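**Student:** If you read the sequences in order, they're chains A and B. UniProt numbering applies: residue 1 is where the first sequence begins, and numbers increase by one. UniProt numbering applies: residue 1 is where the second sequence begins, and numbers increase by one.
What the hints contain is simulated information worked out from the structure, not anything from laboratory work. Values in this document were obtained by computation on a predicted structure and should not be read as measured data. Treat the hints loosely; a few may be bogus.
Because identical chains share one entry, a pair is satisfied inside a single copy or across any pair of copies.
To be verified - Subject to a maximum C-alpha distance of 30 Å in a straight line, what follows is the list of computed BS3-like cross-link-like pairs (lysine-lysine):
{"#": "1", "residue 1": "K277", "residue 2": "K108"}
{"#": "2", "residue 1": "K164", "residue 2": "K274"}
{"#": "3", "residue 1": "K108", "residue 2": "K262"}
{"#": "4", "residue 1": "K210", "residue 2": "K281"}
{"#": "5", "residue 1": "K262", "residue 2": "K274"}
So you can see what is in the structure, the chains are spelled out below.
Protein chains: 2
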Amino acid sequence: EAASSSPSSVNSKMEQLLLPPIGDRSVRLHMLAAPVNPADMNMIQGSYPVLCPLPAVGGNEGVAEVIEVGSDVTSLRPGDWVMPIDAGFGTWRTGAVCEEDELISVPKDISLLGAATIFVNPCTAYRMLHDFQTLTPGCTVIQNASNSAVGQAVIQIAAALGLKTINIIRDRPNCAELIDELQSLGADYVVTEEEVMSTGLHRVFEEVPKPKLGLNCVGGLSGGIVFSNLDYGGTMVTYGGMAKRPLQIPAKSFIFHNVTLKGFWLTQWKRKHKEDKAQLKAMLNAVCDLMRGGQLSAPHCVQTPFHQYTHALQATVQSHSRKHVLIM
Amino acid sequence: EAASSSPSSVNSKMEQLLLPPIGDRSVRLHMLAAPVNPADMNMIQGSYPVLCPLPAVGGNEGVAEVIEVGSDVTSLRPGDWVMPIDAGFGTWRTGAVCEEDELISVPKDISLLGAATIFVNPCTAYRMLHDFQTLTPGCTVIQNASNSAVGQAVIQIAAALGLKTINIIRDRPNCAELIDELQSLGADYVVTEEEVMSTGLHRVFEEVPKPKLGLNCVGGLSGGIVFSNLDYGGTMVTYGGMAKRPLQIPAKSFIFHNVTLKGFWLTQWKRKHKEDKAQLKAMLNAVCDLMRGGQLSAPHCVQTPFHQYTHALQATVQSHSRKHVLIM
Chain A
1 EAASSSPSSV NSKMEQLLLP PIGDRSVRLH MLAAPVNPAD MNMIQGSYPV LCPLPAVGGN
61 EGVAEVIEVG SDVTSLRPGD WVMPIDAGFG TWRTGAVCEE DELISVPKDI SLLGAATIFV
121 NPCTAYRMLH DFQTLTPGCT VIQNASNSAV GQAVIQIAAA LGLKTINIIR DRPNCAELID
181 ELQSLGADYV VTEEEVMSTG LHRVFEEVPK PKLGLNCVGG LSGGIVFSNL DYGGTMVTYG
241 GMAKRPLQIP AKSFIFHNVT LKGFWLTQWK RKHKEDKAQL KAMLNAVCDL MRGGQLSAPH
301 CVQTPFHQYT HALQATVQSH SRKHVLIM
Chain B
1 EAASSSPSSV NSKMEQLLLP PIGDRSVRLH MLAAPVNPAD MNMIQGSYPV LCPLPAVGGN
61 EGVAEVIEVG SDVTSLRPGD WVMPIDAGFG TWRTGAVCEE DELISVPKDI SLLGAATIFV
121 NPCTAYRMLH DFQTLTPGCT VIQNASNSAV GQAVIQIAAA LGLKTINIIR DRPNCAELID
181 ELQSLGADYV VTEEEVMSTG LHRVFEEVPK PKLGLNCVGG LSGGIVFSNL DYGGTMVTYG
241 GMAKRPLQIP AKSFIFHNVT LKGFWLTQWK RKHKEDKAQL KAMLNAVCDL MRGGQLSAPH
301 CVQTPFHQYT HALQATVQSH SRKHVLIM
């Protein structure tokens, strides 16, 4: 069974597909759980730079159990938990047959929800905290969209690394509650965009150094808050554009403040490291260690039975609230 | 005699100052020639991040002859040509006494105008072509403000390196003439902003690869033309903001096109390498070699006798045309 979606909106249906027989180097899987990420919806809408030939099975992330392996498969055994490496796999399905090379295993001693959602958001947070600036304990990181799944992972991984975080959120009715929640994850400072615009971050910078690294998932004014508070020579990494407004960067930020602006897209990073599974494994091991140690919790998810997938898709398109995870 | 300027506008006067006696490690100079660069005017207006205690002597670049050296000076002899390394020296003067360490020598077999103007614009072009991307012959560079002093140096140094240049200019009445002039310097393509906006650069990209490096001195729409035509993974370096409008960068340029945005400020580069004169000398030697070989010409300058300096300052504030060089 697989949920295929049409680009017009959330027009999708569940269909019975015949699985091909497994070859010497291929593997038969039973999907266990697969989240509905916002980027999955962008892909269905055709606005994502990974497009699959239609009709296609939706979903890019998830955890499966290995049911059967071909005679030449060496790295996987029945019962293992695995995840597809590449985007475009189509994880909203109950079964699949694919090549051993397309998969990477994940330890079974983390939670099912943790395993189902580890490979997009926590890994994005992990890479951004490691690949752009040399950060040592006591260094500061500033980010917006701090309540997103990546934002929450950034807070927790940064805290585990001994980094200080300044977390920008949009003003909202339940602000105090959200601030409490993010602080309980390890956020050092949680401030609303409005606060930063009116009073700045002077008070914060009396206590911690200016950030060498900024993480931007919003763009527009909110991205401006991130880069304009960077330390001299700092780097801002853009990994999303939720506000659908461009960043506006004055020349002096580059020339006199020596700011560097870069982007990060985990799908591209995975493609680049596809042949070199050691790097993928090292990242997964590090993130799993944080999960086992209680330093990184799985996101608060809504678990949705697979046959109710339309509800999960609609909820994801309509709001940025809780992540839905389909349970097969 | 020194020309000091007040911040209000081009309110300046020439004054007689007494030179201090020279110490064991200091040097007495006679200034020969000093340009009026736009950044000098920004400094006088107070909008530059290098501010001198007032009253101050204007001018940040120029060539001087060594007249007398202290007993412990080893690297310089009377008759040598020298330039101040740091911004803020005040080169609009006839004489100066300073430390040996503040100076770097320049060969006397290049033209006086070449020596007077080598250390800001051609060196900026040289560094930007060397420090941000690994460029091999056949690679493409795109820039705006192509008719500026830096722009012309970029065209010539790039041509000497075997690089292809795409040079954006503003539309203007004498466009054909300017295109001829830049092509005679070695520009491969010269296109107006309007042309790029209406028809793009498809024709150009049938002949040369997309640029790995973009150089932006304008900002706003013109900066947008530069970064949006970069190759995947390319870098745009901002070194000016002539349009006084911010760059507007959509998130997808960072995420899916992997563009990096950085800034360059030669004053900062020089500060960083002040202790390590080998790097400064290597750069000057390379640029002087290009001048001697006829691959890099001194900019078309208006030579102004020092006592007519007010005319040169006013002309620089009022227009971006020919560079004025004060001759002492």
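**Student:** Now, for every hint given, state plainly whether the structure supports it.
**Tutor:** Verification of the hints:
In this assembly of identical chains, the alpha carbons of K277 and K108 lie at most 30 Å apart only when taken from the same copy (19 Å versus 58 Å across copies). In the homo-oligomer, the alpha carbons of K164 and K274 never lie at most 30 Å apart, since the shortest distance is 32 Å inside one protomer and 34 Å across protomers. In this assembly of identical chains, K108 and K262 lie within 30 Å of each other by CA distance neither inside one copy nor across copies; the values are 35 Å within and 43 Å between. In this homomeric assembly, K210 and K281 never come within 30 Å of each other (Cα to Cα): the closest approach is 33 Å inside a single copy and 35 Å across copies.
Taking identical chains as interchangeable, the C-alpha atoms of K262 and K274 lie at most 30 Å apart whether they share a chain (22 Å) or sit on different chains (29 Å).
Figure legend: structure checked against the earlier numbered hints; hints not met, in rising order: 2, 3 and 4.
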